[in-house]
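There are 2 protein chains.
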Amino acid sequence: MAEDKKNVDESAEPQVPQAVVSRLSLYLRELQHLVRDGFETTSSTQLGRLLGFTDAQVRKDLAYFGQFGYPGIGYRCAELIAAIKKILGTNQSWSLAIVGMGNLGRALIGYRGFQQQGFEIVAGFDTDPAKIGNKIEGLQVYHLDEVTQVVREKNIRLAIVAVPSAVAQRVADALVSAGVEGILNFAPVTLALPKHIHTVGVDLAIELEQLSFNVVSKLAKGP
Amino acid sequence: MAEDKKNVDESAEPQVPQAVVSRLSLYLRELQHLVRDGFETTSSTQLGRLLGFTDAQVRKDLAYFGQFGYPGIGYRCAELIAAIKKILGTNQSWSLAIVGMGNLGRALIGYRGFQQQGFEIVAGFDTDPAKIGNKIEGLQVYHLDEVTQVVREKNIRLAIVAVPSAVAQRVADALVSAGVEGILNFAPVTLALPKHIHTVGVDLAIELEQLSFNVVSKLAKGP
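Here the protein sequences line up with chains A and B, keeping their order.
For what it's worth, UniProt numbering labels the leading residue of the first sequence as 1, then goes sequentially.
For what it's worth, UniProt numbering labels the leading residue of the second sequence as 1, then goes sequentially.
Incorrect hints may appear among the rest.
The list treats identical chains as one, so a pair stands whether inside a single copy or across any two.
With a straight-line cut-off of 20 angstroms between C-alpha atoms, the simulated SDA-like cross-links for lysine to any residue are [to be verified]:
hint : residue 1 : residue 2
1    : K154      : S165
2    : K154      : S43
3    : K86       : A56
4    : K195      : V216
5    : K154      : G72
6    : K154      : K195
7    : K60       : Q149
8    : K195      : R157
9    : K131      : E79
Hints were generated in silico from the structure; no laboratory data involved.
No experiment lies behind these values; they were computed from the predicted model shown.
Throw the hints in and build the complete structure from the sequences for me.
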């Protein structure tokens, strides 16, 4: 993930580094796994070990948001899950739009991980007349010119940009004008947007680097 | 990203936590940005500040792999970039396969970030007769039954699984039998694979959680 730190950091006061917020998601997933595995409490040491962080890093990260541990107990998993979801804003559900009904947009409509975490895709946008007014993968598709009206009617606050780089900025500008507050950008360009708009860019190559590392490090050690 | 830590950790000796390897990618991107911005050297403090880590965390992460800093200088950017690329295995290029020529597979063929970091997609696989033998998005598509031969001929070592959950395990088994060493899994299931095979699962909801956090935290503070 390449976060667009410039946009994000300058709008948060006091500043919480974006990487800390990213780690909150990792803590949340591990806590959910721990609960699934029957754990009721955990510790900064256990969470750190599961994720490869120092226990000091875990405590420092969580300390940005409050005091969550209990002396002699550690963290209560269910309580910390609820707290993190509230911090991340996923204790509520969010209505999303996707712009770009190409291969990536269609793929993302069907991505189940979004709905599991409280993100519901409620509208698609494109500029191809053949796609407008139809349903694609079960999602109603509108012309980008209708974005302001649809965003207002459906209370859409976040949008996914899945268009070619050449038009990504124009699309993002339209989304911002329509009132969208955050953009997940799959186009490999940096968007120039007002400071109060949050953007996150997706860098899937990081995941592949994890694989190549593991294959290479295995080879270095012999069979 | 939800890494399948079970597969990964048990095969690495001495164990480097997967999260540390993930941070290597982040350090690499920041170093590349620093070089682009004219910096020749940097420090654990600067790298940490850019990413929201403590300087101790940066030093501890890098110490897994060697001694990279110079007293009174810090890190030489170009040298550390080369070292990290070597550690990650991206100082060489990798040949990849994609299985599943649906929306996601087609989208990933066109994903530019892969090639930029040294990952080249050289073959696609599917089981739909209408797709076999054709080129999709410029990529030659083979039947999954041909996977062993194609993997050998094209020296494919990593694969991306972009098929429905119901068939993901069967596809992964076929890839492993064919000799693939690492799998990037977009199907929302945990794959049961031999210990020596590396898998990374992709969790795009984490990126959306970053957005919702920023929108919520902005609102909490008022306009």
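Hints, verified against the model:
{"no.": "1", "hint": "K154 to S165", "result": "neither (27 angstroms within a copy, 30 angstroms between copies)"}
{"no.": "2", "hint": "K154 to S43", "result": "neither (41 angstroms within a copy, 47 angstroms between copies)"}
{"no.": "3", "hint": "K86 to A56", "result": "neither (23 angstroms within a copy, 29 angstroms between copies)"}
{"no.": "4", "hint": "K195 to V216", "result": "between (41 angstroms within a copy, 15 angstroms between copies)"}
{"no.": "5", "hint": "K154 to G72", "result": "neither (47 angstroms within a copy, 57 angstroms between copies)"}
{"no.": "6", "hint": "K154 to K195", "result": "neither (24 angstroms within a copy, 47 angstroms between copies)"}
{"no.": "7", "hint": "K60 to Q149", "result": "neither (43 angstroms within a copy, 51 angstroms between copies)"}
{"no.": "8", "hint": "K195 to R157", "result": "within (16 angstroms within a copy, 43 angstroms between copies)"}
{"no.": "9", "hint": "K131 to E79", "result": "neither (45 angstroms within a copy, 50 angstroms between copies)"}
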